[in-house]
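Protein chains in written order, with the numbering used here: chain A, 1 to 106; chain B, 107 to 571.
Careful: at least some of the hints might be erroneous.
[To be verified] Quick partial rundown of chain B residues pointing at chain A, CB under 10 angstroms, derived from the structure:
| id | residue |
| --- | --- |
| 1 | Pro134 |
| 2 | Ala300 |
| 3 | Ala334 |
| 4 | Thr339 |
| 5 | Val347 |
| 6 | Ala348 |
| 7 | Gly353 |
| 8 | Ala354 |
| 9 | Ile357 |
| 10 | Val463 |
| 11 | Ala468 |
| 12 | Met478 |
| 13 | Asn482 |
| 14 | Thr487 |
[Claimed, not checked] Taking lysine-lysine pairs in the BS3-like style, the calculated list, with each CA pair at most 25 angstroms apart, reads:
| id | chain 1 | residue 1 | chain 2 | residue 2 |
| --- | --- | --- | --- | --- |
| 15 | A | Lys93 | B | Lys442 |
| 16 | B | Lys129 | A | Lys91 |
| 17 | B | Lys135 | A | Lys25 |
| 18 | A | Lys93 | B | Lys129 |
| 19 | A | Lys25 | B | Lys549 |
| 20 | B | Lys476 | B | Lys558 |
| 21 | B | Lys569 | B | Lys558 |
| 22 | A | Lys93 | B | Lys221 |
| 23 | A | Lys25 | A | Lys91 |
| 24 | B | Lys569 | A | Lys93 |
| 25 | B | Lys190 | A | Lys91 |
| 26 | B | Lys442 | B | Lys558 |
| 27 | B | Lys508 | B | Lys569 |
| 28 | A | Lys93 | B | Lys476 |
| 29 | B | Lys549 | B | Lys476 |
| 30 | B | Lys558 | B | Lys190 |
| 31 | B | Lys476 | A | Lys91 |
| 32 | A | Lys93 | A | Lys25 |
| 33 | B | Lys129 | A | Lys25 |
| 34 | B | Lys158 | B | Lys221 |
| 35 | A | Lys91 | B | Lys442 |
| 36 | B | Lys135 | A | Lys91 |
| 37 | B | Lys129 | B | Lys476 |
| 38 | B | Lys190 | B | Lys476 |
| 39 | A | Lys93 | B | Lys508 |
| 40 | B | Lys158 | B | Lys442 |
These aren't lab readings, by the way, just hints derived from the structure by calculation.
Just so it is clear, CB atoms sit at the ideal spot from N, CA and C, and this is done for glycine as well.
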Amino acid sequence: MGNALLQYATVFVLTIFVGIEIIAKVPSILHTPLMSGSNAIHGVILVGSILILGAANTNLEMVLGFLAVILGTLNVVGGFVVTDRMLEMFKAKPVVKKPAADEVAE
Amino acid sequence: MSRETLIDLIYLVSATTFLLALKGLGSPKHARRGNMVAAAGMLLAVVATFFKYVNGHPLHHVWLILLGIFIGAIVAVPVARFVKMTAMPQLVAIFNGVGGGAAALVSITEFVHIKSTHPATYIILEVLLGVLIGTVSFSGSSIAFAKLQELMTGRPVTYPGQQILNGVVGLAALVLIVFILATGSTVLLWILLALAFVLGIAFVLPIGGADVPVLISLLNAFTGLAVAASGFTLKSNLLIVAGTLVGASGILLTRLMSAAMGRSLSNVLFSAFGSNITASGATEREDGRSVRSGTPEDIGVLLSYASRVVIIPGYGLAVAQGQHVLRELAEQLEGKGIEVFYAIHPVAGRMPGHMNVLLAEANVPYEQLKEMDEANSELQTADVALVVGANDTVNPAAMDDKTSPIYGMPIIRADLAENVIFLKRSMRPGFAGIENELLYNPKTLLVFGDAKDTLTKVVATVKAS
Chain A
1 MGNALLQYAT VFVLTIFVGI EIIAKVPSIL HTPLMSGSNA IHGVILVGSI LILGAANTNL
61 EMVLGFLAVI LGTLNVVGGF VVTDRMLEMF KAKPVVKKPA ADEVAE
Chain B
107 MSRETLIDLI YLVSATTFLL ALKGLGSPKH ARRGNMVAAA GMLLAVVATF FKYVNGHPLH
167 HVWLILLGIF IGAIVAVPVA RFVKMTAMPQ LVAIFNGVGG GAAALVSITE FVHIKSTHPA
227 TYIILEVLLG VLIGTVSFSG SSIAFAKLQE LMTGRPVTYP GQQILNGVVG LAALVLIVFI
287 LATGSTVLLW ILLALAFVLG IAFVLPIGGA DVPVLISLLN AFTGLAVAAS GFTLKSNLLI
347 VAGTLVGASG ILLTRLMSAA MGRSLSNVLF SAFGSNITAS GATEREDGRS VRSGTPEDIG
407 VLLSYASRVV IIPGYGLAVA QGQHVLRELA EQLEGKGIEV FYAIHPVAGR MPGHMNVLLA
467 EANVPYEQLK EMDEANSELQ TADVALVVGA NDTVNPAAMD DKTSPIYGMP IIRADLAENV
527 IFLKRSMRPG FAGIENELLY NPKTLLVFGD AKDTLTKVVA TVKAS
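The shape of chain B in the complex, shown without the other chains (with noise of 0.2 angstroms):
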């Protein structure tokens, strides 16, 4: 067998690994292992590529290139290790960003080694997509970074002639990218590199707050459709299905989410989203209509004598850091005899799935962790719907309100249940700034106050009754 079928045989291997642990997220058993099995297959497919030959002669500057690995290295390990779970989606759009980044100056670089060599339109073609793709996703991916971070505003940026700005960017690259296929320019390649930058940073600006999740699994697609666009450009198979397969999920994942919010994906991607909403529904309710305030005493009584509960957690909980507090609470409920699980929305939290991780790390076991349409035909026979930190999420105006700009979102139906408390800071609406009807509901009693400290009494009072 030569030297390079068996590096290929390697690479086949790699692939499959990847496939394996993508499969091994189908649950929460066996996904870790998956992960590690899909690290060694990356582990064996670097090591085999120092092997390959490139144009005939082994690798040069083999030195450099784990040196770049060693820079690299000690710079990701201590930063995934020790960021907090809930600075976990900007963590994870920074590594995409430098993924898509790494894409981008692959495809330049090869762009630059066999211009010489007259390469066909359909090389050239491969290796634009590549760096347009490449690098929208790297500046694209900082800007989320910037606002998940709190760097800039996490609101919607807008300004006037945003729309129009950004067709003519999104035109003239592509305009670009005409000239460069007629004329193989290196000149007009960098042109195109800066204006993707620019066009990467023009299309999040306007994308904000409640939108973020699904601009993350988008622009996680866009890295992944970069890279196996390096691929077509290298003439390596691994690289295509990896990124393909990421381009796929990605994809498969800006759709679910958009979905879950009721919302087309151009509307989430294009109408900055609650950028004109200003609280206007805090001053809205003037006509005398009072909402049950209740003290953290009256809702561990209430807890206590219900035989089932569903928590319905939000980002707010998240904030307040209150879910090992909530954990606690739950523990004491069953030790009562109360049935307890947590319904998780799909857009709660930052990026798609967040509250499950951020329960995961206060140790809620996974069993109790319940997706929206499963916790919703269970709602109907629940005594308690404690809502902690979620708002819109719960609001009825998703279903019956025509006007409603969040009308069309699927939600969890707390409203179903026979009790609703709410744990919130204050009246001001949820993140996409909506009155929320179930407030004002006969059955609805409220706690204001710092979700953490009120959980805490409640926990008190459960464990004295």
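Looking at chain A on its own, in the form it has when it is part of the complex (with noise of 0.2 angstroms):
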């Protein structure tokens, strides 16, 4: 177990506080595309799949390695498609319609 290891522990565990730092400040009302948003981002195991099936040797690591691209390019791919589909319909209430509409909002 070298200092390597130890490395990425500190990543790990500095990333933890990081990202509950981060996510308590998103409202509840975003909470579905930070789901499909955080969803997108852990398709970066796409990444990991590419360097797996770019050193196959065999025909096993190169089935399992081909699939796992195929997966996590769905996942990548799906993930922020969806996300920005969602983001793209919250909108703030246009300026000013009618002049004789109330501002309710605050």
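Build the complex: two chains, separate frames, hints provided.
Right under this line is the structure:
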């Protein structure tokens, strides 16, 4: 168990705290986009899948790696597209639609 | 600068964009741009990876990699573009599942790849965690998908000895992990894979109904952690950072959701909530107490003369596809100078924050969507609380009936408003199958029928008055 592991463990632990800090600030109105956005982010496994398939020596590794690339792409592409579609819908109130309309929101 | 350093720098940039995206979600204003920045960061990381050297030589099978990406993309884009917003939870579930599956595959392939070099025990442990968590997430998410898509019952599935069996499977997985650590056997690893698959299914089957939002958050956290485990195996800071961020986010959301239901996480996961309550409430109330029911026209008049209206939507609204009519009603009322906002319970809908998305789709401006606490402090001065397709989230039994299964769940205080209007399909109790006292309150007016039809009539009345 060398220094390298310790370095990765450091990154892991610090990221937990950073993650909690940032995510605690997300309002509940955006929790669904948060889920699907973070879903897209773990699609970074595609990078791992590419490395695995790129290093494959045997047929078994190739099959598994190829599947991983497909699944990873599904995850990352689907995740970002869905999140974008959701966030696109969140619109502010049109500034003044009719001059007479009351501004209700603060 | 060497090639590897440059690629690592690009990975650092990507990891930063992921953080920025999550930070952007702090307000609806910057959220979309944040997501795009993260997508760009992801693209950058993927492209950079093609230039990476593994074990001193460039990537093999580049065309196969591109083919895999192509297949994944042509399936994912149309599905993600055209699925309905009500179907969003199952879509998120399945994208989450495939991510977990990919993480498990990455871990297992790396194990096969490095096995001949007799890797250190801690590396095997990282692989095993990746395989175990990733596979549980994959099979668990698949069942969650099937439940939400109504390919199977959405209710908890229980059978005798379920918890004991689950315990045995879980224990077997742990024992297997110890054996693999000791022997480094690939055969045992495949058995672990199969066992994890069964574990994921067995774990999700008894969770149903209103608990699914919690489940989805948890499975999201699982996939994140599986990706982080793969990151340890592959020695990739990028994977560790991204996976851990998602893990932290999923766990935080899971806790928020269980808190919003007033229950502990273990109660949500292991109690098969809602399986043994079969509409007991429907017959219980035969003591002659009556409800006050009205017509859509009554409501129209009541609303027209209010000065502050709070709308409390539940999933029933989305089932009736009434969001657009509801928004139209709100606009009509605002046109009359009436203050209108929506009070959203955190667990309304099928995933965390689902109701907000459904209303946003109907062009409700986000300033009008208020969180539970804020809404509750304003409900005291509201003239009308209009409850559409919600039930348990406004049930006062959660506050004052210690015997109620939902006792302790924070609710939206519709009961504080001067008048309460319920749009309901029937007297049937809600998702959790619990009788709602508020329905019998003298200040409550009930209108039975399809929410969309009723709302359309209400809009007509408001327009006319």
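Report task. Go through the numbered hints given earlier and state which of them the structure violates, listing their numbers in rising order. Result -> Hints 2, 13, 14, 19, 22, 27, 39 and 40 not satisfied by this model.
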